[in-house]
Structures are given as C-alpha cells and as structure tokens.
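Each chain is listed here by its residues.
Number of protein chains: 2
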Amino acid sequence: MKLTILGCYAATPRTITNPTSQLLEIKNQMFLIDCGEGTQVQLRKHKIKFDRINRVFISHLHGDHFYGLVGLISTFMLLNRVNDLHVYGPKGIKEIILLQLRASGSFTGYNLYFHELESKESEVVFEDDNVIVKTIPLKHRVYTNGYLFKEKNTQRKLDIVAIEELNIDKCYYQKIKSGGNITLDDGTIIANEELTFPPNPEKSYAFCSDTLYDESIIPIIENSDVLYHESTFLESEAHLAEKTMHSTAIQAATIAKKANVKNLVMGHYSTRYGNIEIFKEEAQTIFDNVLLADDGREFEF
Amino acid sequence: MKLTILGCYAATPRTITNPTSQLLEIKNQMFLIDCGEGTQVQLRKHKIKFDRINRVFISHLHGDHFYGLVGLISTFMLLNRVNDLHVYGPKGIKEIILLQLRASGSFTGYNLYFHELESKESEVVFEDDNVIVKTIPLKHRVYTNGYLFKEKNTQRKLDIVAIEELNIDKCYYQKIKSGGNITLDDGTIIANEELTFPPNPEKSYAFCSDTLYDESIIPIIENSDVLYHESTFLESEAHLAEKTMHSTAIQAATIAKKANVKNLVMGHYSTRYGNIEIFKEEAQTIFDNVLLADDGREFEF
Numbered sequence: 001m002k003l004t005i006l007g008c009y010a011a012t013p014r015t016i017t018n019p020t021s022q023l024l025e026i027k028n029q030m031f032l033i034d035c036g037e038g039t040q041v042q043l044r045k046h047k048i049k050f051d052r053i054n055r056v057f058i059s060h061l062h063g064d065h066f067y068g069l070v071g072l073i074s075t076f077m078l079l080n081r082v083n084d085l086h087v088y089g090p091k092g093i094k095e096i097i098l099l100q101l102r103a104s105g106s107f108t109g110y111n112l113y114f115h116e117l118e119s120k121e122s123e124v125v126f127e128d129d130n131v132i133v134k135t136i137p138l139k140h141r142v143y144t145n146g147y148l149f150k151e152k153n154t155q156r157k158l159d160i161v162a163i164e165e166l167n168i169d170k171c172y173y174q175k176i177k178s179g180g181n182i183t184l185d186d187g188t189i190i191a192n193e194e195l196t197f198p199p200n201p202e203k204s205y206a207f208c209s210d211t212l213y214d215e216s217i218i219p220i221i222e223n224s225d226v227l228y229h230e231s232t233f234l235e236s237e238a239h240l241a242e243k244t245m246h247s248t249a250i251q252a253a254t255i256a257k258k259a260n261v262k263n264l265v266m267g268h269y270s271t272r273y274g275n276i277e278i279f280k281e282e283a284q285t286i287f288d289n290v291l292l293a294d295d296g297r298e299f300e301f
Numbered sequence: 001m002k003l004t005i006l007g008c009y010a011a012t013p014r015t016i017t018n019p020t021s022q023l024l025e026i027k028n029q030m031f032l033i034d035c036g037e038g039t040q041v042q043l044r045k046h047k048i049k050f051d052r053i054n055r056v057f058i059s060h061l062h063g064d065h066f067y068g069l070v071g072l073i074s075t076f077m078l079l080n081r082v083n084d085l086h087v088y089g090p091k092g093i094k095e096i097i098l099l100q101l102r103a104s105g106s107f108t109g110y111n112l113y114f115h116e117l118e119s120k121e122s123e124v125v126f127e128d129d130n131v132i133v134k135t136i137p138l139k140h141r142v143y144t145n146g147y148l149f150k151e152k153n154t155q156r157k158l159d160i161v162a163i164e165e166l167n168i169d170k171c172y173y174q175k176i177k178s179g180g181n182i183t184l185d186d187g188t189i190i191a192n193e194e195l196t197f198p199p200n201p202e203k204s205y206a207f208c209s210d211t212l213y214d215e216s217i218i219p220i221i222e223n224s225d226v227l228y229h230e231s232t233f234l235e236s237e238a239h240l241a242e243k244t245m246h247s248t249a250i251q252a253a254t255i256a257k258k259a260n261v262k263n264l265v266m267g268h269y270s271t272r273y274g275n276i277e278i279f280k281e282e283a284q285t286i287f288d289n290v291l292l293a294d295d296g297r298e299f300e301f
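So the protein sequences, as listed, match chains P and Z.
As numbered in the UniProt record's numbering, the first sequence has no gaps in its residue numbers, which increase by one up to the final residue, 301.
As numbered in the UniProt record's numbering, the second sequence has no gaps in its residue numbers, which increase by one up to the final residue, 301.
One chain only, chain P, in its complex shape (with noise of 0.2 Å):
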C-alpha cells in the first residue's frame, strides 16, 4: 500500500504549497483522493499515468479539495482517455462538473459516472474482489465523508516446500493462493491449510479530511493501518479549529490513539505556519507513530 501526498496544506494554493490531494495505491489499483487545483499538475510532477487513475473520492465542496477535479476531466478528455471514470462525491458535485462541460461545448469521449453521496450513515461506495471503500461521515461546514479504503480477499501465501514434496504443478498455484484444495493424480485430496501459510492481513487506510474532533468515527477507522488525520492547527489556535470545524494536532492523535490505528499521518496544515515539525511535536504528546505529510511525500506501508 503506497501513498503519495500531491498536497496537503488547507485554503489557497501557494507557489510553495498545494491543497489537497493524494493518490492510494492498494492492490494494484490507485485511488485519486480530493483534486485542488493545481492536482494535475503534481499528478505529472510525479509522472503518474492518468490512465491509471479510474476513481476519484471527493471528501467535500469546499475549493481546496476539488477545484481541480474539472481541469482533470477536461484533460482526460483532451488526451483522449478510453477508460471510465468514475467520481464519489457529495450531491451536488455532478451538476457542477456537468454544467462547466456544456459551457465549453465538450463531452468526454470516455464514460464519466457520478455517484453522489448524501447519506450521514457510513455506507459501502465502492468494492470489487480486491478492495472495499466506505465513507467515514465527517463532521464540517459543509456536507463532508472521509474514507476508508481496505483490502479484501487477500490471497494464502504458498508454503513451497510442502507443495514441491507433493510434485503440485505451478498450474494450480493461483487456486491453492485463492484457498482451493488440491485432488493429486491418485485421488488423495490435500487440504489447502497444508499447502499454505495464512494471508498477509488485510491492510487499510482511513482518509478524515476535514473534520472537527468527532469520536463518532472511531468504530468505523478502527484498527486501521494508517490514518490520515487533518490537523489545521496547533494547540494555540485550538479556538480556531473549534470555529472553524477543523482539529488540532493533538485531536488528531487523541482519535488515533482511542481508535488504535497503527500510524498517523497528518496534514491539512493552516498556511500560518512556517514549521510543520511542530504539529509532530504536539501529536506525540499524544500518540506515537506520527508521519507529517507534505507535498511530494511518499509513504508505503
């Protein structure tokens, strides 16, 4: 599981700083999450190929999350993109996209769907056989869902010793990893457990992007490998975190703590500050394993 910061800081883009955006890898597929403007631009910094990119998961219609989702469907569009794409994002979001379209009399030659989300329940937005996504419902000015991203179905690993001993032909590999068991030419049934090790466990990654303190969402991020948690501010301007609806980084490691989750990184930074070591510095007060995001920032776990 591989992370890449496109940009992290909260409210306008800098020559020095981009709003948020960051891009998943997980099971071989890659998940475009929040698009400021400005999102393309990092996406070529990194030589990401945008055909990879298939979703977009948009937490909220405050600007610095999404004004550059437009630019990259009208891009995708001019570089001739075949695949779908498909946009998660709070209702609203498709008549925004779709109106800015028709004003410039373009049509995207790929399928562009929308599923837009108005529910303040956690609910299921996505899943195939590899990775199941869920929304994490937030608490902000605006209608606003984290999410959280988790791997399913993660294959058995080959104990190749036991499965050479037996002469299994690498043909049956796939099946005993998917957890089959294995009829030999004699007709003695072997039992996957003795032809594999148990799988790697499943990893996932909890996105909370923008939100006041909210304990709510710890049932829901629970556990989980890495959380990506927004602190806007430090404790001295715990007063306007409050008001503005947005967490501290001593917040943000008080739900990582009570949520268990094994690593914090933090981001969304208030552009007031010089020195982001600082948010560090409080969070471990707090809680442990914390990594400060920053733009251009690569994380696997």
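Be aware that a few hints might be false.
[Claimed, not checked] 27 Å max Cα-Cα, derived BS3-like pairs, lysine-lysine:
1) LYS91(Z) <-> LYS94(P)
2) LYS94(Z) <-> LYS91(P)
3) LYS120(Z) <-> LYS152(Z)
4) LYS94(P) <-> LYS45(Z)
5) LYS47(Z) <-> LYS45(P)
6) LYS45(P) <-> LYS45(Z)
7) LYS45(Z) <-> LYS47(P)
8) LYS49(Z) <-> LYS203(Z)
9) LYS91(Z) <-> LYS91(P)
10) LYS157(Z) <-> LYS262(Z)
It is worth saying that the hints were derived from the structure and are not from the lab.
Because the structure is a prediction, the values reported are computed rather than measured.
Place chain Z on chain P using the hints.
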C-alpha cells in the same frame, strides 16, 4: 503600458507551462485577462498584490481560459478582500461561479459583479476617465470575445519654458495639462496650445484568443500599439487550425499586417511543439515586429 504573461499555452496545464492568463497594467490600473487553472499561483510568483486586480476579463468558457477563476475568487474571499471585483465574460459564467460558491457554503465578503456578454457585435464593456475596454467578437467553437484596451484622455505635456516665461503658478499645471487656457493677472488669455505640447498618443492593446483567422476583427483592432493574437499552430498543422478554429503563426501575422498594428505578441501555442522560436520565424515572413509570449515574460510598451 505593461503586459505580464502568466500563462500562454493551449489546452492543459503542465509542470513547465500554464494555460492562458495575462495581466495588463495600463494607466495605473491592472486588468486580468483570462484565468486558466493555476493563475493565482502565477500571480503569487510575480508578487502581484491581489488587491490591485479589480477587473477580470474572460474570453470564453473553455477550461484553459477560466478554470482558475473560481479559485481566485475563493482565495480573495479567504484573504478578506474588501474591494469590489468585476468579472466580464460570456453569459453562463455567473451561474458556474455562484453554483460552486453556494456548494461550498461560502459567500464573498466583497462585492462580486458579473458583466455577462452575449452580443455578437463589438461593445464597450468598461469605461472610466482613463481607459475604455471594448469586446472584439472572435470566431471560435464557443462564444468568444477578445478585448481591446485603449487609453483615453491622455494629458497634454507642459511646455515648461513657455510657462515659466509667463510666471504661471504651479497650481495651474493640472488645468493646463487637461487642456485649459490660462488668464493672466492683466486679463490676457493664453491659449492652451501656447503652453503645451500634444499628448502622447493613446496606447492600445488588443487581446485576441482564441480565434479562427478572421479579417472582420481588423476595423476594431486597427492601428493598435500591441496585438496579442493566438497562434496555436505552425503552418504544418494549418489543417488542425481550421478544424479546431484556431490560428497559425502566419495567420496571426497576416492579421497584424492588415490591421497595421505596431507590435504582434504571439501565444496560445499547442503543447505539441518543443521550440516556440519557429512561431516567430514563420510569422516574420509576413510581419516584422513579432514578440513571443512565454510564461513569466514581461513586456513594456
């Protein structure tokens, strides 16, 4: 008159080039012309004070000319702008911007005025004591206007020798510059022409992007000091220019020559070309005073 090119490439923003946006400083006013994605970051790079931009002119509703506008308007809001902002552009632009501001639950603290255009004839869209701005109807795939910016009421220049000889007090200088006659203490009336030289000619800047080759714009832009004319393609791709309703370098130069402008600035280059110098070479087979726009370039006229 100073022209700053914030972006001058067609279609999609890239790491090394920006879509169309430029800043015209004329008679101490700053006009923003077009506003592709990333324009606000380009403005920051050039250290332009956001508060000096009070009027934005949008040529047409293709993304590479206006997808940066909603973000700019939002940033102005976040920075607690006070000054009014006027946006001139095709009918439809107001709905696009307001739909997005509404979705974000945000409203500008400053007055935001839209001047929506739908006339197919050239019309005056802004005028004050110093500048007049007229549309230049262009032929493109969607409704498009260029804009002609023209200085007005340029003041006469003082003939200091004549003035001092007559012992005229400095408090009359403004009146003289504005064209007024002076009555001396003995009742003699001195005609303005005896105290002044003719004013500098009124400078003008014609912005024409995007457009098919179209001679019908010539009467509007005739004798301009500077013509910015799009040249998306080189002669080798003339067939694409016609198909996509853009112009070639030679077509831009032909318009410049027939309109008898003093300088031609070319831009809106297709990103397929590695070397823009060839645009100049091709154009100069028709017209001499060719300047190449490029992102970050500044021209004083």
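key: Those earlier numbered hints the structure runs against, lowest number first   = Checked against the structure, the only hint that fails is number 4, while the rest are satisfied.
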